[in-house]
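Please construct the entire structure, taking both the sequences and the accompanying hints into account.
Protein sequence lines, in the order shown, are assigned to chains A and B. Quick note: the first sequence uses the numbering used here, first residue 1, plus one each step. Quick note: the second sequence uses the numbering used here, first residue 275, plus one each step.
Read the hints as simulated data drawn from the structure, not as lab findings. For glycine and all other residues, C-beta sits at the position ideal for the given N, C-alpha and C. Certain hints may be false.
In silico BS3-like links for lysine-lysine, alpha-carbon gap of 25 Å or less [unchecked claim]:
| hint | chain 1 | residue 1 | chain 2 | residue 2 |
| --- | --- | --- | --- | --- |
| 1 | B | Lys317 | A | Lys119 |
| 2 | B | Lys292 | B | Lys416 |
| 3 | B | Lys326 | B | Lys280 |
| 4 | A | Lys218 | B | Lys317 |
With the Cβ distance kept under 10 Å, some of the chain A side facing chain B (calculated, not the full set) [claimed, not checked]:
| hint | residue |
| --- | --- |
| 5 | Gln18 |
| 6 | Ala26 |
| 7 | Leu37 |
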Amino acid sequence: MSKISEEEIRRHLELLSQIQPSVQSADRAIQRVRRVLTEYEQSPKIQNISIWRIIMKSPITKLAVAAAVVVIAALITINLFGGGVTNVAWAEITERFESVPFFSLTIYIGYDMSAQARKIEIWKSEDGRVRAHDGNNVIFADFSGGKNVVLAFDRTTKQPVPENPYDLARMFIGILCPDGRFSLETLVKSFPSETQGMAPVEIENTAAAKETIVFEVKHQTTPERLLIWALRESKLPTRVRFQDPRNHECGDFVFDYSEKKDAAFFDPNTFREQ
Amino acid sequence: MTDCHKQLLELLDRSGAKLHALLTRLTLREDVAEELMQELFVKLSDVATSKKISNWDSYAYRTAVNLAFDWRRRNKQTPVPLEGVAEPVSDDCSPLDALLRNEAVQEVLSAIGQLNGTAREAFVMRYIQQESYEFIANQIDKTPHQVRALCSRVTNYLRDVVGQSRTPSAGKERRDVKN
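Next comes the structure, spelled out in structure tokens:
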């Protein structure tokens, strides 16, 4: 196929440079931004800035734990708004999730069709301790025996990472584990009731269909939604997917219950001595 | 009103129309440009809480370019069908509609989208925003001569790749035009 000449390229670029959006479109765009900025200034955690967005864009170092809490908060919301037989099934799922002694959670945050995604890993121990990996940060939380300690370290230098005033993780952890156990109920009042409610999703009759339940939660005013996959037999959630079609943001939360980590894995002192 | 909020509103007043025009030129969609404008200022607002930005115009410009090309990349496999484009009021096709249907223009934009950050930024500023070399140099912290050379290399690259983009391997790799 023939290549394009430099003159043609310049002609195309000239055409592009001459584009002027309509006055109506420009006015709409500017007014919209002004409105969003004003709303954001008045209440930064509402309107178009979803809690998910705050977490995705947040510079906090302990993002992993906060992200996990969002998943759990979403699960609670489903429980609150659900109804009928499915609600019973969901109640069983949340109860079952709380009862598992340990689990790991891998989170991928990014965009549809993008090869790049932020990966966060979280592990919970049998005795209420948490370890999370987010980029070059390693976070330890200890809620055993009535403790409430969260520490973050640089993975390379093993030095503590300073506490951030916008530390959502610490705030969420305080809500999540007030009495040293992973409790879902304590988060109910803190989660904004901006969802339309839960609806079971029809799934195709595939090989795993009989073993899988899928739930959907939609946001009230935006197209954001959550999909939750769980196993019918064990009642354990296996995957949660967040989608925002407006900008193709998505987050996948994959649960695993098969690998039990050693106690040393959750010990910050051991980590620092390695 | 916080300083950050005030700065962003001033930026909107000063450069909002220009940024919106830039987003329209890069996406060829007014509706998408409006969406991305909001996304842009949400991003800037998030950044403002954690970073000290010395040149908001430059930062906003760079973020807008990234947003527009990210959008193009995400949507390249699902091009808007003709029926998905707003119907023109009259039988005359608007310049924007005409460009949206112009395959060569789309190819040029896609090729620019494959470039790395500074080269793409400088080239878009020069040829799509029609800024002077001096202005661009000041924005990207280079000399006018360096900007001129950068734009020249990008033009050569475009001449090489545009028109060949329907070959199976084209468009998958990131092009590194030396800064």
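Hint check results:
1. In summary, the hint linking Lys317/B to Lys119/A is supported, as the alpha carbons are separated by about 20 Å, within the 25 Å threshold.
2. Between the alpha carbons of Lys292/B and Lys416/B the distance comes to roughly 22 Å, so the proposed pair stays at or under 25 Å and holds.
3. Our distance criterion of 25 Å between C-alpha atoms is met by Lys326/B and Lys280/B, whose separation comes to about 14 Å.
4. At most 25 Å may separate the alpha-carbon atoms for a hinted pair to count; Lys218/A and Lys317/B meet this at roughly 23 Å.
5. At a threshold of 10 Å, the smallest CB-CB gap from Gln18/A to chain B is about 7 Å, leaving the interface hint in force.
6. At about 5 Å, the closest approach between the beta carbon of Ala26/A and any beta carbon in chain B falls short of 10 Å, and the interface hint on this residue holds.
7. Interface hint at Leu37/A: satisfied, since its Cβ lies 6 Å from the closest Cβ of chain B, which is below the 10 Å cut-off.
In terms of the numbered hints stated before, the structure departs from none.
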